[in-house]
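Take a look at the letters that make up each chain.
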Amino acid sequence: MEQLSLRFSGAILTSLFVALILSLIPLPEPFSIWQPEWVALAVIHWGILFPKTSSYIVVFITGLLIDSLSGTLLGQHSLGLVVVLYITLSLNRRLSAKTLMQQVFIILFAIGSYLAINYFMLNISHSKPKDWYYWAPLLSSIVAWPIAHRLLSMLHTSPRGL
Amino acid sequence: MLLSNPTQNNTLKFLVFAALAIFLITQDFKKQVPIINTALAIITYPIKYMVDLPFTMTHMGQEFFMEHQQLSKKNEELEKIIAIYAARDQNYRSISAQNKRLQKLLNISNIKQNRYTTSNILTIETNRAKQVVTIDKGSDDQLFDGQVALAGNGIYGQIINTSAKQSIVVQLSDTNHTIPVYNQRTGDSALAVGTGQTNEVELTNTDHRRVHINDLYLSSADGEIFPRDFLVAKVKEKRYDEDINSQIPIILATTATDYNRARELLLIWQVKNSEITTTE
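These protein sequence lines are chains R and F, in that order.
The first sequence runs 333 to 494 under our numbering.
The second sequence runs 127 to 406 under our numbering.
The set of hints was computed from the structure by calculation and includes no laboratory data.
It should be emphasised that the depicted structure is a prediction, and the values quoted were computed from it without experimental measurement.
For glycine and all other residues, C-beta sits at the position ideal for the given N, C-alpha and C.
It cannot be assumed that every hint is accurate.
[Stated by the list, open to error] Calculated cross-link-like contacts (lysine-lysine; reagent style DSBU-like; alpha-carbon spacing at most 35 Å):
no.	chain 1	residue 1	chain 2	residue 2
1	R	Lys430	R	Lys384
2	R	Lys384	F	Lys174
3	F	Lys139	R	Lys430
4	F	Lys362	F	Lys200
5	F	Lys362	F	Lys156
6	F	Lys291	R	Lys384
7	F	Lys360	F	Lys206
8	F	Lys157	F	Lys174
9	F	Lys360	F	Lys199
[Said to hold, decoys possible] Which chain R residues face chain F? A few, computed with CB under 8 Å, are given here:
no.	residue
10	Val390
11	Val415
12	Leu440
13	Phe441
Just chain F, same shape as in the assembly (with noise of 0.2 Å):
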């Protein structure tokens, strides 16, 4: 008789499966259901790839249809810039061979030299909260969590979570995510919270004085999660919060990455120098 009520019926399955996410949802947030996560990462990953193929083929596309012309400028350009990285990487070389010289007369080890991957990303986050974006490697290319992602020669962010065929990144300018930096002019640390904006994240834990406009920060290798040097962003503005009325200054910085258009990622892997036996 209760069943054979359709509001009651209603009103029971609807508590069933209320109750069974939120349990769901209080177990995922102690992190004990990797199975659920990983058996729905590869349901949904054709999905991700089927929503970014339409991209993929026009990018495809046009440079299939690129004239030669242009081709061949594009070509000339790039011979251009890989001369002048050979020219460079000559320099290197010297340099790293009487580094190596000096660490052994001194006694070090421990340098960290740097292994490189590529990837593309998949999907751009669509829940705006979130700054993260998946991308097509995963476990299986030996993607691991707290993996630090680089375009261009600034950082994009860090990896959160890896399954086998594709993993999440979270970009600098989320919410959620602090990189430790330094100003290149002055030597001074700080810290480099996202904002939840795109392309933007505030410094904090520096004395604001010292900090001029369009001052330049670098990556710290403090916590030794990032690698050393790499550009994270350039100081924009400071701005007194209003509502506080405070003394001290909000001092924001465009990120070095444009998150509107990396499309291709770089995975970095920082290999002791002792460890080192291939480079990619």
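Here chain R stands alone, though its shape is the one from the complex (with noise of 0.2 Å):
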């Protein structure tokens, strides 16, 4: 699977500090609950294409970043980071992800599990969501994802076929 190769060292580390800083990016009032979740797609782009390469601590760090900078509990981003590269790896072995399909499946399994650990650790920390529309993100990011996904293969050789 992994003939790819990356464009420059740090390509990974460097998409995933872009994909910090664009949900850290306020959107105008009507579109500010539809904020795809930029960091967890681009850890599903590499788990999807570059299995061995990505890495759990990097997840697990980029996932203390957001938790403080999003004042959430400490550990939080993490343990859902950490969460969608496992559901990622796990589900890519068994269907090597080649179609938009499949791929939206993952997205759907995992970004799904990541909104309902923080749905969860929310709760504990008493500033539960009362809207339907905390669940935006789930929807917004599918539509995002082959954006995401075309301008994150810039940063490798593109395999045949994709």
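From the two separate chains plus the hints, produce the assembled complex.
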């Protein structure tokens, strides 16, 4: 699977950093609830295409940074992202996601769990989200996936047929 | 043999890191990892600053390219306001002198006076369940947990976390936030609880029959956290919850601060009269 190579070392770290910044930029009011989970999308991308290079440590630390930036419980997003990576790696080994539908299936499952974990943790820290639109990023992440996927693919050599 | 199996290796790693994360969560829940929190806050400060930079730049750019005519007009307006305030200030000074005399007569001290500083908002929370913002001043500027932040003439919120160069402020509309208030018209006290919606609080613990639409609620100094008489919210609607079929309405109010617009905050120190030495 891993015949691809990164265009430069540190490409994964760079992309995660950019995703982190993207998720911090506030969107105008009616769109703000649709902010896609950029970091989780990046983790899924690297999990699918570079399963051996994907590192739990990097994902864990990225999660800690998100927690510090958003004032959530320390480790909350780390747990979420570690679960995202685990789901991506396990599912990808079974169905080696080449088609869009398979990828969407992985996203649905991984980001769904990610949001569910955050939901649970927010409940614990007594800032329970009230509305259905807490789950809006699940939909917007799927919509944003092809763009994120294409952009991230610029950071490595493309495989034939993808 | 066990480690060479990629599936088991993956699961093992996952379990180790998941356990580590859960351990951290429990420790942070008990507030036992302030060192890690502070270290992370220092690392993430440049990131927040970077994200805020475009906004600051456009703001600065707008001011720079504002036309001369506009500027002088604005200047004129501001000078007018200053003149009005100066006149009011005179009035206040004589009143405060009178107050002090009366206090001496009555042997009261402990009247609270306030000291202020300004601060900019760096980032707005992306997490939709929490209404918090980060500001660009911290414990280096003597900010402290629980300190009150104002925007314009209304209360904005309260600091919940300070580190050296930045602090996190929770807005009045956060579901975790409650502020004691009183009705300006009737004097009835109430609690303004955040609803999680932007610019909205719910008024509880008050007699709903005596609340009218458009009543103003000001902060009461109950609990000694918030300063007295700052505007908090204006009653917007009384709604009966159909699900519960309740006879008691939910009273919703719009906050005095427009959280979509506020970019600068005033932070307030309440100083006891006897302690005042210098004011900024």
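- Item | In rising order, the numbers of the hints this structure does not comply with | 5, 6, 10, 12, 13
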